[in-house]
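Trainee: Spelled out, the chains give:
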Amino acid sequence: MTKAILLALLMAGGAAAAATPREMITTYAAEAARQAPGFQPSARRGAEFYARRFAVSEKMPACVSCHTDSPVQAGRHVVTGKAIKPLAPRAEAARFSDPAKTEKWFRRNCTEVLGRECSAAEKADFVQFLAEGL
Amino acid sequence: MSTAKLSLLAAALILSSAARADRLPVPADAPPSFKAECGGCHLPFPPALLTAPDWKRVMARLDKHYGDNASLDEKTRRELEEFLVRNAPNRSRMAGEGDPPRLTASAWFRREHRQVPESLWRDARVNSASNCTACHSRAEQGSYRGREIALPELREKH
Chain E
1 MTKAILLALL
11 MAGGAAAAAT
21 PREMITTYAA
31 EAARQAPGFQ
41 PSARRGAEFY
51 ARRFAVSEKM
61 PACVSCHTDS
71 PVQAGRHVVT
81 GKAIKPLAPR
91 AEAARFSDPA
101 KTEKWFRRNC
111 TEVLGRECSA
121 AEKADFVQFL
131 AEGL
Chain F
1 MSTAKLSLLA
11 AALILSSAAR
21 ADRLPVPADA
31 PPSFKAECGG
41 CHLPFPPALL
51 TAPDWKRVMA
61 RLDKHYGDNA
71 SLDEKTRREL
81 EEFLVRNAPN
91 RSRMAGEGDP
101 PRLTASAWFR
111 REHRQVPESL
121 WRDARVNSAS
131 NCTACHSRAE
141 QGSYRGREIA
151 LPELREKH
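For the protein sequence lines, the chains are E and F, in the order given.
Per the working numbering, residue 1 is the first one in the first sequence, and the count goes up by one each step.
Per the working numbering, residue 1 is the first one in the second sequence, and the count goes up by one each step.
These are calculated hints, taken from the structure and not from any lab test.
A hint or two may mislead.
Distance condition first, Cα-Cα at most 20 Å in a straight line; then the derived SDA-like pairs of lysine to any residue [unchecked claim]: (1) F:Lys-56 x F:Arg-93; (2) E:Lys-104 x F:Asn-69; (3) E:Lys-104 x F:Thr-76; (4) E:Lys-85 x F:Arg-138; (5) F:Lys-35 x F:Arg-93; (6) E:Lys-104 x E:Gly-38; (7) F:Lys-64 x E:Met-60; (8) E:Lys-104 x F:Gly-67.
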């Protein structure tokens, strides 16, 4: 019975293949290494990226505009005021566990905040910082 | 029917329509993408709050969604548009204003919120008229009753 429910839930999730933040870092790092051989993800670069003011968007100049200075804290959407759960998996276990969802939000938020899509290297560094801290 | 019975019926009708105004549950035929996508940045607004033509205009320009890019893949976009249109009311007082239309500008919304002072919409706790949960503490459950209002200065008026 429980198994049947679990199976149904999994199927309802559709293409939502489960992953871990570490697996995502590995995937992004491998893609980055194809463009720049020897690439190693860096939490320090990720932290710098997280705090950087890109100033492309007036209302959302940086990641921290909505996610606050600390990714283990809950944030708030600057336009709508909606509460945002912490971005760091050590504070919010579901973060970076669904590759499709992660890609969707990178696409959306990078376009908004940076004015372009993020590179695989930037994503690897970013997830490294969020998953493991500095 | 006796006068007493008639007035009881009238009272029941009035009460039930009043109850409907503060109950806006998510329709049962909502696809999972409704909460996941529409609820990504804001409360997934009940389809009852805009007319069918309004929802079509909203869904036609997701790349310019009130200053944000909320683009979806075409399958999800169509699925959500069909759900919203299917559950939209056919009442002019629910028509939004602007392009894309804002549900916070409909005649109905303005009337329902006529007691809210202008300054409160800009209050740091509210931030935006689209932030339903700032005041309606059970909005996510589809309940908008006066007694659930989170801000004490507003609760007295209901």
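Trainee: Give a verdict on every hint.
Mentor: Hints, verified against the model:
Distance hint between F:Lys-56 and F:Arg-93 is fulfilled; the C-alpha atoms sit about 17 Å from each other, no more than 20 Å. Note on E:Lys-104 and F:Asn-69: the hinted pairing holds, with a Cα-Cα distance of about 12 Å set against a maximum of 20 Å. Taking the CA atoms of E:Lys-104 and F:Thr-76, the gap is about 13 Å. The hint holds against a cut of 20 Å. Taking the CA atoms of E:Lys-85 and F:Arg-138, the gap is about 18 Å. The hint holds against a cut of 20 Å.
This hinted pair does not check out: F:Lys-35 and F:Arg-93 have alpha carbons roughly 25 Å apart, beyond 20 Å. Taken as a hint, the E:Lys-104 and E:Gly-38 pair is broken in the structure, with Cα atoms around 27 Å apart against an allowance of 20 Å. For a cut-off of 20 Å, the pair hint linking F:Lys-64 to E:Met-60 stands: about 15 Å separates their Cα positions. The suggested pairing of E:Lys-104 with F:Gly-67 holds, with an alpha-carbon distance near 18 Å, which does not exceed 20 Å.
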